[in-house]
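Single-letter residue listing:
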Amino acid sequence: MDDEDLLEKVLVGDEGAFRELVGRYHTSLVRVARYHVESDAAAEDAAQDTWIAVLRGVHRFEGRSTFKTWLFKILVNRARTAGSRDRRQVPVDPTVVVPTVDASRFDARGAWADPPVPFTDLVERHLDDASVAASVHRAIRELPEPQQAVVTLRDVQGLSTYEVSALLGLSEGNVRVILHRGRARVRAALEDLARGGSR
Amino acid sequence: MSVLTRSLVCQEAVELATEYLEGALPRRVRRAYERHLAACDGCDAYLDQVRAVLTATGRVGPEDLDQPTLDALVGLYRETRGVGT
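Residue numbers (the working numbering), protein chains in the order written: chain A, 1 to 199; chain B, 1001 to 1085.
If you're looking for bench data, these hints aren't it; they were derived computationally from the structure. Glycine included, C-beta positions come from ideal geometry on N, C-alpha and C. Some hints could be false.
[Said to hold, decoys possible] Output of the computed footprint for chain B on chain A, the stretches with three or more beta carbons under 8 Å from beta carbons of chain B:
(1) 16–26
(2) 112–121
(3) 125–136
Assemble the whole structure, with the sequences as input and the hints as a guide.
Take a look at the structure:
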């Protein structure tokens, strides 16, 4: 069932629909809130406040955007208001390339010394294994902000780069740079898993 | 920009993967990257891995809620239903 239908059911008292909806979004709300507030507890509060606002009809969903974009917009507004953290100026300088692959993988000329091997088949075959999910989830949980917020919105929840940039107040260029760093860490985690699994 | 004037080495090429997939590389850089990919199995494999990561991240979805958090949220729901509407 899509989000919009679930929301309708939630608003007329369907607790099962609410369980489903929070299952889809609550952890992501917390991860994104963490970018704006100082502590995990404050991020949890901001996510809960978001659900309260939705349930009380403080904000009405009018279908002008997708449900998820609307939901994250409420979250970001609440987290920003609650956040004591100063909005950092520019979290990344896109002109500075920070290496995202361990330098030991390359030789002195910058060519692969320890080249990666494709793992699409392996990952796809094991997508339903708990180990892949656990590895991806752990990697994302351990990402520093703002990578955690950007990877969550773009890759976990599938928002567009434009939507992510608007939500977080970052340029699209910066979103891509941050996304690149975050994805590189998730890739490294899955590569570790693939290498370990094939041994 | 150096990548425009000479061929890419692998260590530079890996840093272009996201912008390539996002369609955000300037045309000349994209061409240099694609030329490199065509000749380099390692970088081709690297891009394949990044694609696999995107598939995996999208498919496994967000982390499951732990029971106490779910209970707290359901409590909140019941409370809001009772008091509010």
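- [ ] Check, residue by residue, whether the segment 112–121 of chain A contains three or more positions whose beta-carbon lies closer than 8 Å to a beta-carbon of chain B, and give the verdict.
- [x] Since three or more residues must qualify, the claim that chain B covers the segment 112–121 of chain A holds, with 7 doing so at under 8 Å.
Open item on the list: Between the segment 16–26 of chain A and chain B, are there enough contacts, at least three residues with CB-CB distance under 8 Å, for the coverage claim to hold?
Closed with: Holds: 7 residues of the segment 16–26 of chain A have a Cβ under 8 Å from chain B.
Task: Coverage of the segment 125–136 of chain A by chain B (three or more Cβ within 8 Å) - done: holds (count 4)
When held up to the earlier numbered hints, the structure conflicts with none and fits them all.
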